[in-house]
Each structure stands twice: as C-alpha cells, then as structure tokens.
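So the sequences go chain by chain: A and B.
The letter at position 111 of the first sequence is residue 111 when you use full-length UniProt numbering, and the numbering goes up by one with no holes.
The letter at position 53 of the second sequence is residue 53 when you use full-length UniProt numbering, and the numbering goes up by one with no holes.
The hints are simulated quantities; they were obtained by calculation from the structure and are not laboratory data.
Please read these numbers as outputs of a predicted model, since none were measured by experiment.
Just so it is clear, CB atoms sit at the ideal spot from N, CA and C, and this is done for glycine as well.
Be a bit skeptical, because a hint or two may be false.
[Stated by the list, open to error] Incomplete in silico selection of chain A near chain B, CB under 10 Å:
no., residue
1, K37
2, R62
3, D65
4, Q76
5, D100
6, N123
7, R126
8, A130
9, E171
10, L172
11, L173
12, I183
There are 2 protein chains.
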Amino acid sequence: MAPEHIVSSYNDELVALAQTIAEMGGQVEVAIENGTKALLKLDRELADLTIIADQRIDDMQRKIDDMAVSMIARRQPMASDLRSIITAIHVASDLERVGDMAKQLARRSLKIEGLNLQPTFYNGVRNMTALVLRQIKESLDAYSSRDAEGAIQVCNRDDEVDAMYTSLFRELLTYMMEDPRNITPCTHLLFCAKSLERIGDHATNIAERAYYLQTGKQLSSDVEELQRTQIKA
Amino acid sequence: MAPEHIVSSYNDELVALAQTIAEMGGQVEVAIENGTKALLKLDRELADLTIIADQRIDDMQRKIDDMAVSMIARRQPMASDLRSIITAIHVASDLERVGDMAKQLARRSLKIEGLNLQPTFYNGVRNMTALVLRQIKESLDAYSSRDAEGAIQVCNRDDEVDAMYTSLFRELLTYMMEDPRNITPCTHLLFCAKSLERIGDHATNIAERAYYLQTGKQLSSDVEELQRTQIKA
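The following block holds chain A by itself, in its conformation from the complex:
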C-alpha cells in the first residue's frame, strides 16, 4: 500500500483534473452564449471578445493534456483510473472543438453586418442555441456525476437537435428563394445552424463517453449509427 499522503495527493490530482474540465466546460458554455449573442445583436465587441477567449479554451485543453500525461507518468494508475484519465483527454478535445464552433458563430456576426437581415431569420438560430446549450450542460453533468441515465437522455435528445436543424435549413432556403438579397445573409446563418448542430454532436460524444465510463458498454450500436446517418440532414 502507498502511504496515506500519496493516495490523498493522487485523489487531489483526480479532483483537480475533474475541476479543470468543469471549468473548461463553463468557459465553453459562456463562449456559446456570447458567440450567439454577438450574432443575434451584431455586437462586434462581443464577437472579438469571443474570438480572443477561444485562445484560453485552447490553452485549457493543453493544460488538461499535460495534467493527464503527468498523472499517468508519475502515478501509473490502474486500468480503470487510466481509462477515466484518457476519457478526460477526449472530453477536453470535444470541448475545444465546441469552443471553435462558438468562435465561428462570433466570426459570422462580423460577416453578416450590414447585410439584409430580418428578425425572423433569427428565430430558429435562437431556439437551436437554447437546445444545444442544454445538451452541453447536461452532458457535462452526466460526465461529472457519472450519470448513465442522464447520458442516455442527452443522446436521445440529439434527434431533436437534428430535427430542428433540418427544419431551420429548409426555412432559410425558402427566404433565399423569395429574394436574392437574402442569399448571402441566410447562407451565413445556414453555417451557424450547422455549427450549432455540430455542438449537439459533441454533447452526444461527451454523453457517450460518460455512459461508457459508468457502464463499460458502448451506448450507440452500429445499427443506431446507420439509422442516424440516414436520417440526418
């Protein structure tokens, strides 16, 4: 047996790793909120802030990587702990990409400034943002509390995200067909919708990893994947 203070310090490190992921998750949620707000209000200052904040999210991913590698190297964890540390690396990687999506939302706001925008264009984007924010929050909750049931719910709700995306895609196409002046702004909004849909996918990834950590089983079978492939827009 290792002396008590070493075990305690190892636990401290595991807790610190979990806290750093939670902190990164918090920053990513703020980035989604700010990225969308910059888009909906054409707020150039908030857009710039969101783009710069993404650098901090990238730095946090690197920090989590380094913490994980250092823990593995020094502590030589057992298989189950090792699996959870590797999962932390994967979750941080998903969060980093969600941060990228938020940055892209902010960037789009700089592009659509001055274009022919109508408030109705935005409704779908606003609703989708609320839904994917919930997905990210609940996937991180499922991950931090090892809640397999919560993870399943996040995965099931991904169909809702996809349905909302498909409906928004069609809606934006109709605006484009109505008036050629709508083509450029609505094209940018289509990409925003796609970024939000991808954020939903990352939430599902995190939930699937949470489920696997808790149960040792893969949540999505090959059959489900094929079905999802065929349904998705």
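Knowing the structure of chain A, use the given hints to seat chain B on it.
Showing chain B alone in chain A's frame:
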C-alpha cells in the same frame, strides 16, 4: 534493465501502433476519394459504401485508443514515449473526424440527386479535394517520419486551402443569385466545400502534433492563430 525480449516486444507494440494509425490514415484517404467521387458522379452505391466504411474507421479509432491505454497500463512508458502514445490518440481522433467529413460528402450526394446541377458547379470542389487529400497525406507522412520541416509546409499550405474555400464560397453564391433553382444544390455544395476546408484543418492539427513531437515546441503561436481567425471565411 528490463530483459531483452520485453524491450523488443515493447518496440513491437510501438511499431504496431504506428502501423495501425498508418492503416487508418489509408482508409481515411480512400474515404475522402470515394466520398467526393460519389458526390461528383452522383454514385449512390459508392455513397452507401462510404457511409458504411466510416463504421470501420470509427472502430479503428477505438482500437487505437485501446492499444494506447493497454500499452500505458502494462509498459509504464517514460515521459517521451508517453507523449508519443497520447499523440497517437489525438491523431486517431483527428482521422476519425476526417472520416466523418468524408461520410458527409457521401451523404450530400444522396441529397443533390435529381437537383438542377451544372458541371461548372463542381470544378472548385474537385480542386479542393485534390488539395486537402495532399494535405492529409503529407501531414501523415510528417507524423510517421517525424519530419518537422514537412509539418511546417503542411501548416503553411493551409492558407491555400482557406483561400480556395473562400473563392469557391463566393462562386457558389453567384450561381445562387443567378437562378433560384441553383439555390438548393449550391447550398449543399457550400457544405461540401466547408467539409473539405475542415479536412484541411485536421491535416494542420496532425502536422502541428508531428512538429511538437519532433521539436517539443508549439508550431502555431497565439498571434498566428489570431491572424488566421481574422482572415478565414
């Protein structure tokens, strides 16, 4: 010192890990080629094959993860070997996402079938595919041969990918403005262009990791990132 046969077997495992990544890289390159071919020729059978093949790419990612975790658990590698094993996990994750992009290209071909398509719409997509395929190939070469100079070249060429994407984006918008019947097919092609641009980003990620493994330094400084952020479409 560990007995000779154990050292040799550890090397065998490192080689096997590298080979598995090379194999996954090969499958991903085929997926990009087939996904684009399915798109350009509206080949439904090839599209279905590409979608199904993505499942194998996902399985390979899981296999690489398991190999890496098992090696770390049993061999307790030193810091430098550990860093290279963790990098293998990241590279596999990038390749898995490139596989997803290829699947999305294949899916789009099923969606644009029967729409008002003109051969000129396709030129840009064809050229971009050639460029990003080269980027993926050369990033994997730089990774497998630890070639820092090659990695820098891949990263520098990402600006070319981005420029090609921006130009294609504008070109497709003009077709959409010319004739409303072009809106739906060209919107799908816009997303294809975006998928290709993202494949280019993943090639850059792989090259950056190759560079870091070889030199211990980050290739992209914060300043470069900010510049890229502002230039990109």
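Each hint, compared with the structure:
no.	hint	in the structure
1	K37	violated (18 Å)
2	R62	holds (8 Å)
3	D65	holds (7 Å)
4	Q76	holds (5 Å)
5	D100	holds (9 Å)
6	N123	violated (19 Å)
7	R126	violated (21 Å)
8	A130	violated (24 Å)
9	E171	violated (13 Å)
10	L172	holds (9 Å)
11	L173	holds (6 Å)
12	I183	holds (5 Å)
When the structure is compared with the earlier hints, violations turn up for hints 1, 6, 7, 8 and 9 and for no others.
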